Structures are given as C-alpha cells and as structure tokens.
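Residue numbering for the sequence shown follows our numbering, beginning at 120 and increasing consecutively.
The set of hints was computed from the structure by calculation and includes no laboratory data.
Quick caveat: nothing in here was measured; it's all calculated off a predicted structure.
Some hints could be false.
[Said to hold, decoys possible] Pairwise CB distance ranges (calculated):
hint: 1; residue 1: 290; residue 2: 168; range: 36 to 44 Å
hint: 2; residue 1: 313; residue 2: 290; range: 15 to 23 Å
hint: 3; residue 1: 286; residue 2: 209; range: 53 to 61 Å
hint: 4; residue 1: 264; residue 2: 315; range: 48 to 56 Å
Heads up, the beta-carbon is just placed ideally off N, CA and C, and yes, glycines get one too.
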Amino acid sequence: MLARLTCVTLLLAGLAFGTSAWALDLTFTPDTSTGDAGQSVWISAQLSASQPMRGFTVYMSYDTNVIDLDEPPVAGALVANRQGLQFNYFDHAAFEPTLLEVGATVFGTDFWQGPGELFRARFTLRRCGAEEIAAPYAPFFVAADGTYPTVTYHPGTVIICPGMPAMPQGLTVYPDSPSSVRLIWSAVTQSAFGQPLPSAPVYRLYRQQVQPSLPVVLIATVPDTAYTDTHSTGIEYIYYVTAQTNP
120 MLARLTCVTL LLAGLAFGTS AWALDLTFTP DTSTGDAGQS VWISAQLSAS QPMRGFTVYM
180 SYDTNVIDLD EPPVAGALVA NRQGLQFNYF DHAAFEPTLL EVGATVFGTD FWQGPGELFR
240 ARFTLRRCGA EEIAAPYAPF FVAADGTYPT VTYHPGTVII CPGMPAMPQG LTVYPDSPSS
300 VRLIWSAVTQ SAFGQPLPSA PVYRLYRQQV QPSLPVVLIA TVPDTAYTDT HSTGIEYIYY
360 VTAQTNP
C-alpha cells in the first residue's frame, strides 16, 4: 500500500529570557489553509499586544524539497517605516539550506508595540509531503527597556494536496482459479487528513515478481475495490494498491 500525507506545519518553540513581566504570543497565519503543489502561500508573523519593543530574531527550518522560500521576507505593518529600523533576513542556502533567519532592530526610539504583523514571507509548495517548519533555536525578542519577554509560539498549518485520498487498507490476495488470483481491499472515502472525499477515487494496482526479482509494474487502474489478475501462474508476486483522485 502506498500513500503520502501532506501538510505543512509551522512551529516555533518559545523560551523566556530576562525578567520582563510581559508574555508575547507569536502566531504564523497562512493566507490559505490548503494548496496544491506548485502554488504559493504567504505566511504572516502576527504579534500579540505587547510593551514597546525594539528587536526580534526568528529562525525557521524546513525541507526545501517540500516547501521553499519564494520571495524575500518583507517587514509587516507593525515595524515597516520605523525610523532607524534595520530589517533583514538571511537564507542559509550556501551552507545550511534548511535554515532561514528573519530579524529587525530599531536603532533609536521609534519602537513598535503589538498587536500587529511583524513580517510576512511567501513560500512555494513544491510537492505533496508531510513537512514541518520548525525552530532549531528559540525566537528572541528585546523590549525597549532591554528586557526579554517570554515568547509563546502558536503554529499555523497549510495542507498541500488537500484532496489526496487516504491509503487503501485491507488488501487481500487469494486464489481465484488455477491461473488467477483475486485482489480485494477496502474502499477509500476520506482524504489523508480525515476529510470526506468529494468523489470516489480510482485505484492503481501494482505487481512485483519475487524470484527472480523484477521492478514493480502497474497492472491496472480500476474504479472498484476488487481485481482479478490472470498473470500469476506458478510465479510468486507481491501486490500493492494505491488510491488517487479520479480525474
């Protein structure tokens, strides 16, 4: 059986620094909760109400084969156009392709105070796959008074290929005649994410000869949950079944 679960989850761990009485909520909010491979999604970094702030640094890591930075991050409305603002990002593609750093510092007194958007970045959804954007290092915030608030991160999720059927279950193979075998399996009615499918999928049957070992070959694509293989006389095979969206 073969299937792939696809989602993108953005996760930043929070850590307390210093003695500030303030606690910050940092939330990454995608502009869409679902998307297909090849599409793009904007991720907005939203900060909760806070004391006056002067700087932050956030690190994000991810599998660039599944999701990758599409455009340079840009300052959000909360920090854009501040006097003395230095906004930067660093894509570590040269030596650590999976790491992205985004930060901002005010050199002066034009501080920002939440709630609002710190920054946003656009990512390309490269392929179906389960992917988490995680923080290898804790996000770092500096208040105007030099203290370090506690940061709690709230993850955001993007589902790539939302209509992808779940994995077929219960594949059973039994003799049907001296020259054939019967394959049956359970119908797939939900996506890989537990949501009802808008339409019934089709099933793709694969066969692999064991001795001598040969490559896996596609033998049929059927709308039903049963198939008779007449190419089985005296040879040992392994069978696989997958479900895919009905075109």
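Cross-check of the supplied hints:
1. The supplied range of 36 to 44 Å is broken by residue 290 and residue 168, whose beta-carbon atoms lie about 54 Å from each other.
2. Distance hint check: the CB atoms of residue 313 and residue 290 are about 21 Å apart, consistent with the given range 15 to 23 Å.
3. Checking the proposed 53 to 61 Å range against residue 286 and residue 209 shows it is violated: the Cβ atoms sit about 39 Å from each other.
4. Restraint check, residue 264 to residue 315: a C-beta distance of roughly 52 Å satisfies the suggested window 48 to 56 Å.
Checked against the numbered hints listed earlier, the structure breaks hints 1, 3; every other hint is satisfied.
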